[in-house]
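Please put together the full structure from these sequences, using the hints given.
The chain contents come next:
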Amino acid sequence: MATIELDRLVKRYGQTTVVHGIDLSIQDGEFVVLVGPSGCGKSTTLRMIAGLEEISGGEIRIANRVVNDLQPKDRNIAMVFQNYAIYPHMTVAENIAFGLYRSTLSKSEKRQRVEQAAETLGLSHLLERRPSALSGGQRQRVAIGRAMVRDPAAFLFDEPLSNLDAQLRTQMRIEIKRLHHRLGTTSVFVTHDQVEAMTMADRIVVMRDGHILQVGTPLELYEKPVDVFTARFIGSPTMNLLPATLKEGGAELSTGGLIRVSPPSAPRADVLIGARPQDLVPSSPDTPGLTVSGNVVVVETLGSETLVHIENAGQTIIGSAPGRQIPKVGEHLTLHAPLDRLYCFDKSTEKALAIR
Amino acid sequence: MSAVAHREAATGGLWSRMSLGQKQVIWAWGFLAVPLVFYAVIRFWPTFQAFYLSVTDWTITRPASYVGLENYKRLFADPLFWEVFRNTFMYLILGTPISLLISFVVAYYLDRVRFMHSFIRALYFLPFLTTAAAMAWVWRWFYQPVPIGVINDILAGLGIPQQPFLRSTSQALPAVLAPAVWAGLGFQIIIFLAGLRAIPVTYYEAARIDGLSEGAILRKITIPLLKPTLVFLVVFSSIGFLRIFDQVYNINSNDPGGPLNSTKPLVLMIYQTAFSSYEMGYAAAQTVVLFMILLVISLVQLRLMRDR
Chain A
1 MATIELDRLV
11 KRYGQTTVVH
21 GIDLSIQDGE
31 FVVLVGPSGC
41 GKSTTLRMIA
51 GLEEISGGEI
61 RIANRVVNDL
71 QPKDRNIAMV
81 FQNYAIYPHM
91 TVAENIAFGL
101 YRSTLSKSEK
111 RQRVEQAAET
121 LGLSHLLERR
131 PSALSGGQRQ
141 RVAIGRAMVR
151 DPAAFLFDEP
161 LSNLDAQLRT
171 QMRIEIKRLH
181 HRLGTTSVFV
191 THDQVEAMTM
201 ADRIVVMRDG
211 HILQVGTPLE
221 LYEKPVDVFT
231 ARFIGSPTMN
241 LLPATLKEGG
251 AELSTGGLIR
261 VSPPSAPRAD
271 VLIGARPQDL
281 VPSSPDTPGL
291 TVSGNVVVVE
301 TLGSETLVHI
311 ENAGQTIIGS
321 APGRQIPKVG
331 EHLTLHAPLD
341 RLYCFDKSTE
351 KALAIR
Chain B
1 MSAVAHREAA
11 TGGLWSRMSL
21 GQKQVIWAWG
31 FLAVPLVFYA
41 VIRFWPTFQA
51 FYLSVTDWTI
61 TRPASYVGLE
71 NYKRLFADPL
81 FWEVFRNTFM
91 YLILGTPISL
101 LISFVVAYYL
111 DRVRFMHSFI
121 RALYFLPFLT
131 TAAAMAWVWR
141 WFYQPVPIGV
151 INDILAGLGI
161 PQQPFLRSTS
171 QALPAVLAPA
181 VWAGLGFQII
191 IFLAGLRAIP
201 VTYYEAARID
211 GLSEGAILRK
221 ITIPLLKPTL
231 VFLVVFSSIG
241 FLRIFDQVYN
251 INSNDPGGPL
261 NSTKPLVLMI
271 YQTAFSSYEM
281 GYAAAQTVVL
291 FMILLVISLV
301 QLRLMRDR
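Chains as they are written, first to last, in UniProt numbering: chain A, 1 to 356; chain B, 1 to 308.
Treat each hint with caution, since some may be false.
Stated by the list, open to error - For lysine-lysine, the following DSS-like pairs were computed, each having C-alpha atoms within a straight-line distance of at most 27 Å:
(1) A:Lys351 - A:Lys328
(2) A:Lys177 - A:Lys247
(3) A:Lys224 - A:Lys351
(4) A:Lys73 - A:Lys107
(5) A:Lys110 - B:Lys220
(6) B:Lys23 - A:Lys73
(7) A:Lys177 - A:Lys224
(8) A:Lys347 - A:Lys224
(9) B:Lys220 - A:Lys107
Since the hints were derived computationally from the structure, they do not count as laboratory data. Being a predicted model, the structure only gives us computed values, none of them experimental.
Listed below in structure tokens is the structure:
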């Protein structure tokens, strides 16, 4: 187990810089998820930690040891790949034992370790099978077994669930999470799926274009996104953003209507008012906050809740109604979100502004 | 309703009364018929004809008459056959491993070369496109004595005595084999490269993280995963060396298979029996023997190299 520190980490391919000097400190035993759209540099960062990509600048420390120029094998890390990277010509047991390739343990001790890992992952009855006889989820478990068996300082996961179907993905998510609770090994997990990030992470690192935008617990990111990108990236469906102008006494929506907010310290003209669909519910506007109304255009029945898309002055706004209350398409509906559930962003810099 | 529809269908032709499945079958066989007829006439019929001819004494000038296994008895008693048999197997057991080893090493390193990769690959492939006759001529010059022969020039420059190469009964076979190996390299390299490219990069990355050395990666990952490619190339190149002919025939055109039959392969013997001596029945028997050898060797190789 170990801490991982990135210090002004840079990656360049020729003229193109893909990681722009990022800083990150990962605590011992922490489960950190790097999340962002494809091409944001999250996988590159992970591969630099693993030692599969050379570092163009900065420093990586694992357990307070600078590993910049160390071979992957000397970093004492284990990695799980998206396509599992388990060898088709070896049995499950041989694949798991491959993690112990460099270990000096005796044969029987190795065998014991493999059996132990297989037991933890529920693979005991499959040890003599070939990977071709396994399902996707089982293959990914073999890959995790190979990573586990060595007892590494850190686990690195590179989109390990992307090749699985939706149901299996949810299941593996929980399995990895439980495994982390049991082993307590520092883990870095890369994904483009914000749900994976939210459900698994102790801390989430949101990345975009080779920069870290925000680091925080899932709830921090959900409650206090620092900019429009994070606000829209975290949470599903994405946050509604309504253009407005800050004035004396409140923010005036471009579609009409005034929200009574205390103006931020430095008054700015154009802002975006954000409201999550979950906070925007059909109710009477008796408390201060955001009120929008319009005709229902689409209704998504999810059972636990109903997502309602309404058209308001040319913009589609998503709100939510209770599961059993299903509005009709074409019906006129008024949605309301209380003041303390609203977000405000500067329109030009896209940075969050304090309005509460 | 259904009764009307049924009657309408029944009144149509045979075609409209057939089910969709039956129509598909007819179409499929319709298209398959052309290559099938071609194969039957051009390939299979002559093959069976050869089997029949091998038990006759047909010599072009005389009509064929049945002689039983006489041709085979004569063949197995012929010392020339056993010499040719030995030569053919020398081509096989030298040529296949040497060519595969060289082409694998070239492909393995070429796979890592980014600089002018396509150009280098094309260079290696070039001999495969060259006609055997032209190639044999060039190599014949290489093997000449000083001052024409390049190889002897180099040997002389190094102070090593000149070698007879094609004029020696012991050196001629390897000397004929060399251009044959060289000519086939390009093809084998391309196939090996394709096989290497098909191995996912993450296999190597995972191995690097697990701490395998380059040699261990080659031994434990690359070669096992290349097995399908390897099986194909072993069988393919074995068949090629067992059927070697044009390289031998062209490099020594005034005495093909010489000196003293030391380079003569089975196919050349068949050719000479059939088209110099015109003993068609005898040649057919030799062809059948070659066919059996090819069949047995290919089957044994596939058996040995299949999942083990």
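Hint by hint, here is what the structure shows:
1. A:Lys351 - A:Lys328: violated, 37 Å
2. A:Lys177 - A:Lys247: violated, 47 Å
3. A:Lys224 - A:Lys351: Measuring from Cα to Cα gives roughly 11 Å; hence the hint holds.
4. A:Lys73 - A:Lys107: holds, 21 Å
5. A:Lys110 - B:Lys220: Roughly 18 Å between the alpha carbons, so the hint for A:Lys110 and B:Lys220 holds.
6. B:Lys23 - A:Lys73: Not satisfied, since the Cα-Cα distance of roughly 61 Å exceeds 27 Å.
7. A:Lys177 - A:Lys224: holds, 25 Å
8. A:Lys347 - A:Lys224: Holds: A:Lys347 and A:Lys224 sit about 17 Å apart, inside 27 Å.
9. B:Lys220 - A:Lys107: Holds, at roughly 18 Å.
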